[in-house]
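Chain order of the listed sequences is A and B.
Heads up, my numbering is the position in the first sequence plus 12, with the first residue counted as 1.
Heads up, my numbering is the position in the second sequence plus 12, with the first residue counted as 1.
There could be a bad hint or two in this list.
Same chains, same names: a pair is fine if it fits in one copy or spans any two.
What the hints assert, rightly or not - DMTMM-like mimics (lysine to aspartate or glutamate), calculated; alpha carbons at most 20 Å apart, straight line:
no.: 1; residue 1: Lys475; residue 2: Asp560
no.: 2; residue 1: Lys348; residue 2: Glu333
no.: 3; residue 1: Lys332; residue 2: Asp186
no.: 4; residue 1: Lys388; residue 2: Glu44
no.: 5; residue 1: Lys17; residue 2: Glu600
Derived from the structure by calculation, the hints contain no laboratory data.
2 protein chains.
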Amino acid sequence: MNSYKAPLRDINFLLTDVFNAGALWASFPKLEGSLDEAIAGAVLEEAGKLAGEVLAPLNRSGDEEGAQWRDGVVTTPSGFREAFATYADGGWIGFTGNPAFGGLGMPKMLAVHVEEMLHGSNSSFALYSVLSSGASLAIDAHACEELKTKYLPNIYAGVWAASMCLTEPHAGTDLGLIRTRAESQADGSYRISGTKIFITGGEHDLTENIIHLVLAKLPDAPAGPKGISLFLVPKVMVAADGSLGERNALSCGSIEHKMGIKASATCVMNFDGATGWLVGEANKGLAAMFTMMNYERLTVGIQGVGCAHASYQTAVAYAKERLQSRSPSGAIAVDKVADPIIHHPDVRRMLLTMKALTEGGRALATYVGAQLDIAKHGVTREQRAEADTRVALLTPVTKAFLTDTGLESCVHGQQIFGGHGYIREWGQEQRVRDVRIAQIYEGTNGIQALDLLGRKVLGDGGKAVDGFLSEIRRHAAEPHVEHRDALLAAVNELEDVSRWIADRAAADPRQVGAASVEYLHLFGYVTYAYLWSKMASAAQANLAADPDFYSAKLATANFYFERLLPRIEGLSACLRGGAACLYELATEQF
Amino acid sequence: MNSYKAPLRDINFLLTDVFNAGALWASFPKLEGSLDEAIAGAVLEEAGKLAGEVLAPLNRSGDEEGAQWRDGVVTTPSGFREAFATYADGGWIGFTGNPAFGGLGMPKMLAVHVEEMLHGSNSSFALYSVLSSGASLAIDAHACEELKTKYLPNIYAGVWAASMCLTEPHAGTDLGLIRTRAESQADGSYRISGTKIFITGGEHDLTENIIHLVLAKLPDAPAGPKGISLFLVPKVMVAADGSLGERNALSCGSIEHKMGIKASATCVMNFDGATGWLVGEANKGLAAMFTMMNYERLTVGIQGVGCAHASYQTAVAYAKERLQSRSPSGAIAVDKVADPIIHHPDVRRMLLTMKALTEGGRALATYVGAQLDIAKHGVTREQRAEADTRVALLTPVTKAFLTDTGLESCVHGQQIFGGHGYIREWGQEQRVRDVRIAQIYEGTNGIQALDLLGRKVLGDGGKAVDGFLSEIRRHAAEPHVEHRDALLAAVNELEDVSRWIADRAAADPRQVGAASVEYLHLFGYVTYAYLWSKMASAAQANLAADPDFYSAKLATANFYFERLLPRIEGLSACLRGGAACLYELATEQF
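Let the sequences and hints guide you as you build the complete structure.
In structure tokens, the structure reads:
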């Protein structure tokens, strides 16, 4: 099953009915009125075609062939080169890029949907693209004009690709421990030496050059995270006229054998005195990387949604076809030997769980995308600052909650198939394997939870979360709000829990990490409740225009509020179990 | 990481301190005093050695090589043949088998621990063994003396293996739909024709013969599940003197490419007029299969525990070694660049979750094993009947809850490794892939939940569940019971929820399937609360004898009651969302 159909109608609903994207875009001076909902629709349709016709057919073969390493050369699976060329020709890699260097300058609120289609059709392929987009963002934000002029146009055009080289064998979460060194040279360049691991797209055959962004330490750098600098290190040296010269002193030592995303090359990269250039200021490399983090983490969250939605599509098709036992309320397909399993309540529960979580996740990605756009394009400084705060607060939620629920959804999507879900046949087991990485990379979900609770919620004394909850309450105060009472009760619960933790965290610093994952999930369910209330309210307002479509939104919202939101009661109760019980066991007793 | 260490001390705690196995075994006339706790300990130590030294080293290579099919011949991975011979020589396949035919007649309460070691060290290998044990159980219970005499000794001895052939392409959950036919022959045998899929160990090179138990329909059989008969169909014909003759008319058409348990051959089996013999009565094949179901489902549950425990062992070792960031309460390994991650609260939370769920699952398997033994060996008819009811009630819980929490645990065990968990290196990703099947086969966990709620709880008007809850309350009424109040509150909640569902199920038959999975999970957490209360009470009573060991049990129990049991609040709240919201969406609207 390699078919994939982009959820264009659902996206249109979010952009038009729920978030009024047209008005938002019209308010951005830099867009100069170049984008409206009709154009956006055409663009997304094009992306959907690419995903369905070019990328989806390579998803399973890519998994089976995998990326191959031989003597430092990485070969991507059959068809990936051609697909990447087609994709690059469409301008998609520079979709949100800076127009001054050939990017299309499209808003992130639109890009999130393209990214969902990439991940839904072919997660391994998606990574080659989003890494280039992400790295070019850091270059655009922090590199000098010379580097930008030299590298950005070709990255945007997909002539060259890019990678991010952060992790080292002993330094993953704790990047302060990295050992890669950079020594300054007389000509202003640096010599980079060290080993990086888990480098997605560190080497491949899709482009003639790969531009690595590498974290390294200068000789006199302070210890820890404040002594990290960022360098641009091309695989092949680029002359002043833009022509390619000789190979730089770097190589791919091997690639990893992984659970999933097998067509994505995960590389060990050896830098052996490779020539590089400083991006941004010395010792401020982590800050420069964080520019792109909010974008990348949102993209990883979207991987959860994309895989979940693809799994849902396949599961729905199967559940409508597969005949097994009779519906509990009496035979439905009376002319058949049994009823389609979609009529069984537990199968419906799984499908609706997938549907409600996926559409909630897509709504959150759209919302955060819009906030990123406002932070960049908003007319007033206050607007931009508020959006920036909202993005910072919601980025860890988006990354972790969309991927945790993404795994849950893909597991349901596999379970619906019974034994047929465990074998390759329908591709459902690949979704589970592919989506699993999204909970791990780009900062594990445990780290996201610490970031949310420790830094974003408690770190500013609760201001950011208050701002968000005020927005939800303003929504709830509007006339004709669906699920108002349940939403407000959930917001109150989140506020209670936040206060409960804050009251204890000062006295016991372990309390933050002890509560963080359950807190993030609670935060996620409350956020989805907000978005499902918004979606249901929009659906109710438009019901007459397309009863079939909008009534499905209302029904899914009902399911969410009846059967999923109450999960917060368990999360809250477990979290209040506190930190002490985590430390009763001595380390040796594990 | 192929190391595996059997949890002998923990098993001894369960057998001796918690369940007083010695006294139970002494009460069984058939065991004739041949088994006590010391002998059991020696037996388990032997099994642990086999698992650690013979099976664990083949776990990863087995996954990488996989079972191979060529022209109908299935080759198991390197080392499997020798390992199977060693295992069979030890008498393990007939461990619980009937002594009249060469089995060892050991109690299931002991066998569950051997099975955990099998699954913990090598799930794929385990399947070849447990299928033979399970099939021989059905033969022993239902076949005529001639078949038993002819086949059981060689199966027990591991000279021959066995398989269960139930599923067909269009008939998985709904076995009433099977199309495989059996025609009676003049000599009393039958000709079996049809195709079976997902046949574990349907073909392999471990033994010179494979005895298939095949579900098929006689020409005049009633439609549906009441028209199914069970047949014994050997791969190679066996002469009256026990010597092997020619091949029977059956063959392995292909094997599946699966997410995990890759060293286990999952076969398409074609029966082309193969000769077989009826086992038990005509049209009562499903009942005959159900004899072994309680055993097999318990074993599959144990797969969840085995994989989870193996993942836990590896994760603990890694968490003690891996240095990353500082503990929130200040540096601990002051001479190192960072602290071992086991000091971080969220890592401890994941490890303790694995530990509490795994030990709870092991306790439940032990308890159900003991009940199976009482049902078989109990002195009075009342004892046997009560145990039988308890087994019937708890079998679906054990199968589904141990495997659902098994997946959760293995996912935690992978997550603790960050990126290193996603690659093959430490084997953590293989555990996730291997354990996943246990939620699917032997009746999906959704089907287990329906069996629990529909048949076992509501089907007898709540008598079985009342009996179990009375047992828990009797325990809680004893002096010196740990976690008494929390346990009783949880029992009350389960009772409330059971009543809530019963009140609605009569009016809305969809309510059972709508509530069943959350109900089963709730049931599982309450059952673990009972067992953790028992374990903590036993640990408290013995604390002085081994403070280090028993205090760890007390601490883990505290964690369970503080941080895991409260999950029931969410389950209860979600379940009460009811059935109606599952059916608001029309089928076409999915």
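For each hint, the structure was consulted:
Within a single copy, lysine 475 and aspartate 560 get their C-alpha atoms no closer than 41 Å, and across copies no closer than 45 Å, so neither meets the 20 Å cut-off. When the C-alpha separation of lysine 348 and glutamate 333 is checked against a cutoff of 20 Å, the pair qualifies only within one copy, where the shortest distance is 11 Å, while the shortest distance between copies is 59 Å. In the homo-oligomer, the alpha carbons of lysine 332 and aspartate 186 lie at most 20 Å apart only across protomers (16 Å), although the nearest pairing inside one protomer, at 48 Å, exceeds that limit. For the identical chains of this complex, lysine 388 and glutamate 44 are intra-copy neighbours only, at 15 Å inside a copy versus 82 Å across copies, given an alpha-carbon limit of 20 Å.
Proximity of lysine 17 to glutamate 600 under the C-alpha cut-off of 20 Å is restricted to the inter-copy arrangement: shortest distance 16 Å between copies versus 52 Å within a copy.
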